[in-house]
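Participant: Sequence:
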Amino acid sequence: MKNGRGTVALVVAKAPVPGRVKTRLCPPLSPEEAAAVAEAALADTCDAVSRCSADRLVVALDGVPGPWLPPGFEVVAQRGDGLDQRLAAAWDDAGGAGVQVGMDTPQLQTSDLETALSLLDDHDAVLGPADDGGWWAIALRRPDPACFTGVPMSTAGTGRAQHDRLVQLGLSVASLRALRDVDDAADLAAVAVEHPRLRVSAAAARFLGTLTS
1 MKNGRGTVAL VVAKAPVPGR VKTRLCPPLS PEEAAAVAEA ALADTCDAVS
51 RCSADRLVVA LDGVPGPWLP PGFEVVAQRG DGLDQRLAAA WDDAGGAGVQ
101 VGMDTPQLQT SDLETALSLL DDHDAVLGPA DDGGWWAIAL RRPDPACFTG
151 VPMSTAGTGR AQHDRLVQLG LSVASLRALR DVDDAADLAA VAVEHPRLRV
201 SAAAARFLGT LTS
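For the sequence shown, this note's numbering assigns the number 1 to the initial residue and increments by one for each residue that follows.
If you're looking for bench data, these hints aren't it; they were derived computationally from the structure.
Bear in mind the structure is a predicted one, so any value in this text is a computation, not a measurement.
Fair warning: there could be bad hints in the mix.
Stated by the list, open to error - Here are the simulated distance ranges between beta carbons:
1) Ser175 with Thr149: 37 to 47 Å
2) Gly19 with Thr149: 38 to 48 Å
3) Glu74 with Pro28: 30 to 40 Å
4) Gly19 with Gly80: 18 to 28 Å
5) Glu32 with Ser172: 43 to 53 Å
Built from N, CA and C at the ideal position, the CB exists for glycine as well.
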C-alpha cells in the first residue's frame, strides 16, 4: 500500500525446536539438524521482512523467540487449534492491512513483500502460490477471519482453496510469483543451489554434504 501507511508485515512461525519443525527432513537429517535448518530459514525470512516498508513487523509464534529474531519485531502468541484458526487469529492480533508469510520460503525477497503491498493499492488481496499447491504469502487490505476459517490447509489443493475463498468473499485477488517451499531434502538442496548466500543454504551444505562424504 502507498508509503506503507498503517501496514503490517506478519510472519507466522514455529520456534525451531528439535522434533517440532521440519520433520519431513528427517531422515536424512536428525531432528537437531532439521531444527538448525528451521532456525536458519527463520533468520533469512525475518531478515527479508525486516527491510520492507510496512509500519509494523509482527511474528505470530508457536513457542519462544530466539536469536533468529532481529530487533524491531513484535511477538504475539499463536492461538487456535487448526492452522486456519491460527492464521485468522494472527491477523486479528496483528491488527491491520498488510502481508503475511511463513517460514518455509527463506528465499523470498524484500521486493516480493513490497510488490504485495503495492498491489493492495488496486486489489483487495494478493496471493503467492507455492510450487507444491499451497501458498507462501498472502496480503489483505481488510483482514477478516472468514478469509481463513474452514479453508483446508497443508494439502496439495490449499492454494486453490485459499484463492477460491477470497473470490467467494467478493475480493479482487492479484498474484505474486510462485516459490518452492523448503519441506524435504530435495527442496532444501534446490533452494540452496539457487540461493547460495542464504543462511539456510549454509545449513544445507553443512548437513546434506555429510550424506555424500
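Participant: So, for every hint listed, does it hold in this structure?
Facilitator: Tested hints:
no., hint, result
1, Ser175 with Thr149: 37 to 47 Å, "violated, 22 Å"
2, Gly19 with Thr149: 38 to 48 Å, "violated, 29 Å"
3, Glu74 with Pro28: 30 to 40 Å, "holds, 36 Å"
4, Gly19 with Gly80: 18 to 28 Å, "holds, 22 Å"
5, Glu32 with Ser172: 43 to 53 Å, "holds, 45 Å"
Hints 1 and 2, counting from the list given before, are not met by this structure.
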